[in-house]
Amino acid sequence: MHAQLTELAELVGGKLVGDDQTINKVDTLQNACSGAISFLSNTKYRKYLTDTHASAVILHNSLLDECPVSSIVVDNPYLAFARISSHLNQKPAALPGIHPSAIIDPDAKISSSAWVGPGTVIEKNVVIGAGCFIGPCCIVQEHARVGDNSRLVANVVLCAYVEIGQRCIFHPGVVIGADGFGIANDQGVWVKVPQIGTVVIGDDVEIGANTTVDRGALENTVLGNGVKLDNQIQIGHNVCIGEHTVVVAGTGVAGSVKIGKHCAVGGGVGIAGHLEITDHVQLTGMSMVTKSILKPGIYSSGMTVAPNIEWKKNHVWLKRLGDTNKKIRDLQKQVRELMKPDE
Amino acid sequence: MHAQLTELAELVGGKLVGDDQTINKVDTLQNACSGAISFLSNTKYRKYLTDTHASAVILHNSLLDECPVSSIVVDNPYLAFARISSHLNQKPAALPGIHPSAIIDPDAKISSSAWVGPGTVIEKNVVIGAGCFIGPCCIVQEHARVGDNSRLVANVVLCAYVEIGQRCIFHPGVVIGADGFGIANDQGVWVKVPQIGTVVIGDDVEIGANTTVDRGALENTVLGNGVKLDNQIQIGHNVCIGEHTVVVAGTGVAGSVKIGKHCAVGGGVGIAGHLEITDHVQLTGMSMVTKSILKPGIYSSGMTVAPNIEWKKNHVWLKRLGDTNKKIRDLQKQVRELMKPDE
Amino acid sequence: MHAQLTELAELVGGKLVGDDQTINKVDTLQNACSGAISFLSNTKYRKYLTDTHASAVILHNSLLDECPVSSIVVDNPYLAFARISSHLNQKPAALPGIHPSAIIDPDAKISSSAWVGPGTVIEKNVVIGAGCFIGPCCIVQEHARVGDNSRLVANVVLCAYVEIGQRCIFHPGVVIGADGFGIANDQGVWVKVPQIGTVVIGDDVEIGANTTVDRGALENTVLGNGVKLDNQIQIGHNVCIGEHTVVVAGTGVAGSVKIGKHCAVGGGVGIAGHLEITDHVQLTGMSMVTKSILKPGIYSSGMTVAPNIEWKKNHVWLKRLGDTNKKIRDLQKQVRELMKPDE
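Protein chains in written order, with my numbering: chain A, 1 to 343; chain B, 1 to 343; chain C, 1 to 343.
Take the hints with a grain of salt, since some may be wrong.
One copy or two, it doesn't matter: identical chains are merged, so the pair holds either way.
Calculated cross-link-like contacts (lysine-lysine; reagent style DSS-like; alpha-carbon spacing at most 30 Å) [said to hold, decoys possible]:
hint, residue 1, residue 2
1, Lys340, Lys327
2, Lys313, Lys333
3, Lys319, Lys333
4, Lys291, Lys47
To be clear, the hints were calculated from the coordinates, so they are not data collected in a lab.
In this text the structure is predicted, and so the values were computed from the model without any measurement.
Could you put together the complete structure from these sequences and hints?
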């Protein structure tokens with residue numbers, strides 16, 4: 001795709017400053033050459049602006065003076081860049097059809113405008129909506145429903161009865177609706193608890209490679225509209241995640257947790273079962289959450305690295321904080337005693 | 001399925017209090033309606049008991065007075081619920097057979113009562129036992145053996161020579177028997193160490209979606225009977241896990257660790273290589289284990305979240321505990337000096 | 001395979017001490033029997049040396065006196081063992097060919113000496129080099145390139161335009177080149193940023209089961225020659241990892257991180273985005289890295305387990321270190337006051 005700068009400025013509601021030009025790609029400030037449009041959002045990259053060979057740069061008004069080439073001036077350059085890049089990098093619509101090697105149950109309903117790739121298995125009573133792209137080697141189990149224009153990239157498993165909305169994108173290795181971890185103890189031996197809920201996923205949800213979302217035990221696991229999950233995340237049974245919440249890679253959310261809307265959960269976070277996280281909470285990476293968080297804000301835990309030899313010394317004290325505080329109490333007592341006026 | 005309360009009470013060795021009724025499903029106290037049986041195990045949900053519309057509730061004798069409907073009284077309501085739910089939600093037995101799209105080596109031995117799904121690959125000298133369900137797009141590599149009535153849900157990989165017992169359930173994305181991480185250093189360059197052991201898994205083992213269990217380097221990796229692994233767990237080469245131990249999602253167990261029987265390892269835990277964890281050990285979520293644990297009990301580590309601004313202030317001190325304790329020692333010395341009787 | 005000890009000694013540049021013998025397998029000191037060669041590298045296993053039934057042991061000169069059988073004496077016994085085991089456990093070369101159930105685009109170029117397994121999907125313009133082994137149910141998407149003698153074990157996904165070098169080994173469930181986690185916020189709603197870079201992987205790279213490496217947003221994600229990644233690792237978009245660096249299971253590396261050469265990153269580590277880790281850095285397991293590390297060395301963080309009851313007591317103080325230090329400052333002030341000479 002290519003486009004004129006005037007069109008692109010219009011697309012993002014920005015102001016074109018400088019000559020109109022034909023743009024055919026996006027690139028970084030450092031690597032862009034003629035025909036490319038770049039952007040400046042993170043000030044760390046400001047140093048590359050004056051020497052850029054891009055044909056145009058998307059930036060904030062405050063940086064306009066430093067820009068040696070045409071600019072599209074907007075309030076949120078990264079967002080404008082996202083829209084322009086999407087415009088210039090449109091994937092050609094998949095041709096509809098079903099690859100002859102796909103294995104389709106006769107009782108599945110597949111829209112005539114959907115594509116089903118090679119080696120994919122579609123079981124009975126599945127519904128695949130208009131414009132869907134079901135890539136190679138996916139498995140869509142019985143009674144699952146995929147909303148219009150959703151995309152299962154490749155090797156995605158949707159278990160039985162899972163429902164997903166429109167315009168979702170699921171990356172390779174995603175497993176939606178496997179059994180949750182429900183077990184009851186019978187004198188030391190674990191007995192499986194049937195997982196008879198399912199997973200219901202809203203519109204515009206993107207899920208990263210090898211992420212797993214378990215089906216509910218009795219009620220459903222639910223992901224709201226616009227939720228974005230990165231790779232290798234584990235979402236336990238009966239979790240509910242509110243609209244437009246994002247979760248970074250490697251995080252684990254235990255069963256029955258309720259996470260609100262517009263939250264941002266960092267990578268490698270662990271959230272214990274049955275907790276509630278309210279709307280607009282941010283958790284920084286590797287946080288450990290064992291109590292509900294009912295007030296919006298940023299929360300953190302953990303300890304950052306030090307040279308091993310320092311960490312080792314420090315660690316000795318880290319586990320003796322009770323002793324440390326006992327020593328302080330003793331000192332306080334002694335000092336109080338010493339400060340008493342002589343009798 | 002449906003059943004009479006009298007039958008269900010008998011099934012779990014419980015006492016029916018109230019009228020017999022026909023039960024056709026399980027549900028939560030809050031959502032249950034006529035025909036459903038519910039249970040009360042976690043006291044958090046006690047508040048829903050008096051208003052439940054369930055036809056019956058499984059509960060402990062101590063709560064009987066509060067129950068407005070028929071009850072099945074037992075000592076362990078969650079366990080009784082598990083058994084009753086299993087009874088009411090029996091999956092119809094898969095019809096035996098081999099899907100025409102499955103690719104079966106002529107030297108594989110597949111029981112005539114097993115099912116092999118579409119797109120599944122079974123290599124030479126594999127043995128699939130009676131009543132097994134091998135779902136779609138699984139790969140069972142040469143010489144692997146699957147015990148009677150085991151279920152590979154979909155997209156499961158069993159590598160060469162892996163052996164699994166009876167009644168196992170492996171969820172989508174599970175990989176059993178990939179090479180362990182064995183490398184030797186040759187002046188900065190890493191040389192692969194062949195991984196010539198395999199994985200031997202007992203009976204009644206359930207393994208969650210996208211969990212990986214590596215094959216042994218020389219000896220085998222072993223999971224005992226009744227072990228239950230949640231999703232996204234990594235089990236390193238030569239690990240042995242004792243019978244009826246459970247591991248929650250996201251945990252990593254490094255090579256050659258021996259974990260005892262009846263342990264419970266929380267989610268996101270890390271266990272360093274070559275350690276021994278004795279029987280009946282519980283590790284809470286995100287624990288970091290760097291030494292063997294030879295005494296049963298509950299063990300924990302880590303730091304829970306605080307508002308980011310508090311965490312930041314606290315963190316400054318967190319890494320200076322040596323200094324803190326030096327200050328205390330200095331104070332102790334000074335105070336001792338001050339407390340000396342005047343000469 | 002079998003070989004004479006003289007050959008094996010020559011293979012590893014070691015000295016044979018004792019009788020020559022025919023060796024047909026490798027095994028541990030404890031389990032080895034006649035015909036097996038073992039090794040002693042970790043001194044923890046020294047106790048098994050005197051009673052070994054191995055026909056020969058690979059060891060360091062310093063332990064020669066304790067060895068009851070023939071020895072191959074080398075400086076690095078584990079490395080020599082790796083080479084000898086590789087020699088004795090050579091996999092028979094796969095016969096070239098394409099399984100009839102593989103789905104190959106007519107515009108793919110597959111070397112006549114490569115093997116493509118059952119159910120595998122190869123899209124248009126893919127190039128598969130000489131001697132490659134593409135196992136069952138892999139997906140190699142359009143324009144991806146696989147260097148000579150590389151091995152995709154089974155169920156591996158290479159997304160479009162991914163390039164991998166020679167002699168790579170990717171284990172089941174690996175996903176290379178899924179979209180990175182690039183999203184821009186539009187008044188609370190997340191907008192996808194197209195991920196138009198790819199992944200470029202060098203020679204001799206091994207990647208463990210269910211590990212994911214995301215494609216670059218604009219530039220590429222790059223893994224250098226000889227990099228070894230364990231299982232269940234997440235590598236974010238635009239990460240670069242230098243040659244001969246190893247990463248242990250469960251680690252997450254956020255976007256745009258640069259890791260140097262010859263690093264060793266422990267398991268369960270988290271590295272925040274846009275950081276630089278210089279060459280020869282070691283990070284111990286579960287480390288949390290939020291700043292660049294510009295000096296080689298070993299770095300650590302985290303807290304190891306204690307009995308739960310001790311941890312709980314300690315944890316109360318862990319989050320009040322500011323208070324603790326305030327108390328110390330107060331004490332210091334009081335003691336200074338007390339130490340003032342009387343006026």
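Each hint, compared with the structure:
no., hint, verdict
1, Lys340 x Lys327, "both (20 Å within a copy, 19 Å between copies)"
2, Lys313 x Lys333, "both (28 Å within a copy, 22 Å between copies)"
3, Lys319 x Lys333, "both (24 Å within a copy, 23 Å between copies)"
4, Lys291 x Lys47, "between (43 Å within a copy, 21 Å between copies)"
Comparing the model with each earlier hint shows no violations; every hint is respected.
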